[in-house]
Amino acid sequence: MMRRRNPMNAARAARGLEPQTEAEFVVGDGSFLVEDFINAITSQLDRVQDALRLKAVNRPLTYALKDLSLDLQVFVELDGQGNVRFRTSGPNETGSSTVRLSFTTITKPMIEENTISLAMTRSPSLSEIGLDEAERQRLEQIGVRNAAQLERLGQSTGARAVSRWSGISAERLRQAVTQSRPRLTDIKPAPPSAPPPVKTPPPLVKPPVTTVPPGKTPPPVKITPPILVKPPRPDPFPPPHDAPPVVRPGKTLVAPISKNVIQVEPNTRRLQLFGANLIGEAGAPQVFFNNRELGLAEAEEDRLVIELPENLASGALEIALPDGQQLTYELSVANGTDPWEPE
Amino acid sequence: MPNIELAETLVALIESVQAPPETGLLVTEAELDVPLEVTGGERKGELIIFGSAPHSRWIAGVLPPAHRGRLRVELVDDATPQSYERGSGGSRP
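Going down the list, the sequences are from chains L and B. Mind the numbering: the first sequence is residues 1335 to 1677 in this note's numbering, read in order. Mind the numbering: the second sequence is residues 2 to 94 in this note's numbering, read in order.
Bear in mind the hints are in silico, worked out from the structure with no lab data behind them. A hint or two may mislead.
Restraint ranges, calculated between C-beta atoms of paired labels, are given here [said to hold, decoys possible]:
id	chain 1	residue 1	chain 2	residue 2	range
1	L	Thr-1441	B	Glu-43	26 to 34 Å
2	B	Arg-44	L	Glu-1369	13 to 21 Å
3	B	Ser-17	L	Arg-1498	19 to 27 Å
Beta carbons: idealized from backbone N, C-alpha and C, even for Gly.
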């Protein structure tokens, strides 16, 4: 049977809580959190469904568990953090409450209708945007469990309302939301996927001597220039200095390098974009080069790799981040400034 | 209480609905109302729900109280889409 991911850990991860210790699931008096209990029951029901499905492989008809309701004799407790816990009543204990839990089968459309989208769980958790434990709890009480939900609530009700309901200052919430926004920190050419073997400068090889039959002219010998290992290029973003740029005669004047200029080699095939929160609810950023959308080779929260077109020429690189920010860079192909270019 | 997971008990209950083949009967729907001893325990960092039939039909001060479980079981054709369209149940094998 397929091993399932622990739903409790997933739920906790979505809430931005640290990995739980054993003591938090079942504390000393045998009580457990309600949500953990419900997740554990759901996991058991999934196992039932899986077992019945396996049995159905060899049977034309099988049974399915349509509904399950449990009347549990429990003591309902509130722990120090304000969490409701259930403790099943022990032998000879009286005065327990009866909690009736009903579970039924639902279909995928019903799940999609009644639960938050998976895309929304991609958003940074409250702890990741710098909110402490007490602030997280106050926001969870108003149904906010990650940055996207906080931003959405702020947009619909206003930041002051969220601040008033949660008891967290508007400035603090603004800081947290700002921290959750996608941002780019660096753009670099990606190294080639398979690095070529390091070659020493080849020895000078004489062109091969061929014998030409009498009466025929020898074909022209194409001499390829020797491959030279270039020394490391200087920093493409050097700090400005007073000396004027050296302009070689006959070359076009290159604009001074600014922060928005990305210099790449002509044979660059991929660009790496580094940052944070790059995958939003709407997906990965869109990247355009000269108004043509580029494909994403890799997309992670803190790193994107984009495919550059062949025959790369200089142009405008536009990046549309998931929150609507538009960033524009000038991609400069180092054709005209290559010091190793033959004169 | 033996550590029998609730899933195992539920599968056994559902299987018990099936009439013996020689009877020629086919149960199409059943509702079971059963006492269950339900507890929570920890195994490898996961909360596990244990559930099994009570130790005894008699109430004793040394035994945990029985909870109540109600199951509605239906016969399904394997071709019925609902048997594999449950969101949490994964895809059809």
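Hint by hint, here is what the structure shows:
A C-beta distance of roughly 33 Å is found between Thr-1441 of chain L and Glu-43 of chain B, which places it inside the suggested range of 26 to 34 Å. Between Arg-44 of chain B and Glu-1369 of chain L the beta carbons are some 19 Å apart, a value that agrees with the proposed interval 13 to 21 Å. Checked against the given bound of 19 to 27 Å, the beta carbons of Ser-17 of chain B and Arg-1498 of chain L, roughly 56 Å apart, lie outside it.
Of the numbered hints stated above, the single one contradicted by the structure is hint 3.
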